[in-house]
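Colleague: Sequence:
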Amino acid sequence: MILKSSKVNEFRLWGLLLTMFGLVLMIVGTAGIVFDWGIAGKIIAGIFLVLGLISILCSMGVYFWAGMMSTSAVVIECPECQRITKMIGKTDRCMFCKTILTFDPQHASQEAGNDTSPSAQQVTIQNTAKKQS
1 MILKSSKVNE
11 FRLWGLLLTM
21 FGLVLMIVGT
31 AGIVFDWGIA
41 GKIIAGIFLV
51 LGLISILCSM
61 GVYFWAGMMS
71 TSAVVIECPE
81 CQRITKMIGK
91 TDRCMFCKTI
101 LTFDPQHASQ
111 EAGNDTSPSA
121 QQVTIQNTAK
131 KQS
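Sequence positions in the sequence shown follow the working numbering and run 1 to 133.
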C-alpha cells in the first residue's frame, strides 16, 4: 500500500527519476575531465553529458505530459479523507490517503479482488464530481 499512488503522482515520480538519472550521468561524465584521462576522458565526458542532457529533456517531456493530464483531470473530494484530489480515468487513487476511487460500480468490484492489502478500500464516486472552472 505504501508504494501505491495516484496516476499523476506516478508520472511525476518518473519525471523526477529521469532528472536524477540525467544528473548522475553528467556527474559521472565529468570524471573524465576531472581525473585527467586525456583525450579518452574528454570523449567519455562528451558522451555522458549528451546522454544526461537527453535524460533531462525526456524528464521535461514527462513533466509536461503529467501537467497536461493534471489540467484535464476530474477534481473530486475523497470520501475517505475529505481532501480535494484529481482523478484520471475510471479508476485512480486518492493523492493523500491512497484509497481506490472509481466512477464505475462494476469496476469497483473487479478492483477489490486485485488489491491484496487489507487496508485497501473501494469507494465508488457518484456523479457528484466537482468540475474545475
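Take these hints with a grain of salt, some might be off.
Calculated lysine to aspartate or glutamate pairs in the EDC-like style (CA-CA distance at most 20 Å, straight line) [said to hold, decoys possible]:
#, residue 1, residue 2
1, LYS42, ASP104
2, LYS90, ASP104
3, LYS90, GLU77
4, LYS86, GLU10
5, LYS7, GLU80
6, LYS90, GLU80
7, LYS86, ASP36
8, LYS90, ASP36
Label pairs and their calculated CB-CB ranges [stated by the list, open to error]:
#, residue 1, residue 2, range
9, GLU77, LYS4, 33 to 43 Å
10, TRP14, GLY46, 44 to 54 Å
11, MET68, CYS97, 53 to 63 Å
12, ILE84, LEU57, 41 to 51 Å
13, GLN106, ALA31, 29 to 39 Å
No lab work stands behind these hints: they were computed from the structure.
Quick caveat, the model's predicted, so the values are computed rather than measured.
Glycine included, C-beta positions come from ideal geometry on N, C-alpha and C.
Colleague: Run every hint past the structure and note whether it holds.
Modeller: So, going through the hints one by one against the coordinates:
1. This hinted pair does not check out: LYS42 and ASP104 have alpha carbons roughly 57 Å apart, beyond 20 Å.
2. About 7 Å separates the Cα atoms of LYS90 and ASP104, which keeps this hinted pair within 20 Å; it holds.
3. Between LYS90 and GLU77, the direct Cα distance comes to roughly 15 Å. Compliance with the 20 Å bound is thereby established for this hinted pair.
4. For the proposed pair LYS86 and GLU10, the alpha carbon gap of about 13 Å is at most 20 Å, so the pair holds.
5. Between the alpha carbons of LYS7 and GLU80 the distance comes to roughly 18 Å, so the proposed pair stays at or under 20 Å and holds.
6. Taking the CA atoms of LYS90 and GLU80, the gap is near 18 Å; set against the 20 Å cutoff, the hint holds.
7. Distance hint between LYS86 and ASP36 is unfulfilled; the C-alpha atoms sit about 51 Å from each other, more than 20 Å.
8. Proximity of LYS90 to ASP36 is assessed by CA-CA distance (about 56 Å); at most 20 Å being required, the pair is judged violated.
9. Checked against the hint of 33 to 43 Å, the C-beta distance between GLU77 and LYS4 comes to roughly 20 Å, which is inconsistent with it.
10. With their beta carbons about 27 Å apart, TRP14 and GLY46 fall outside the hinted range of 44 to 54 Å.
11. Separation of MET68 from CYS97 is about 25 Å and departs from the stated range, judged on CB atoms against 53 to 63 Å.
12. Judged by the Cβ atoms, the range 41 to 51 Å given for ILE84 and LEU57 is violated: they are separated by roughly 32 Å.
13. Evaluation of the 29 to 39 Å hint for GLN106 and ALA31 yields a failure: the beta carbon distance comes to about 56 Å.
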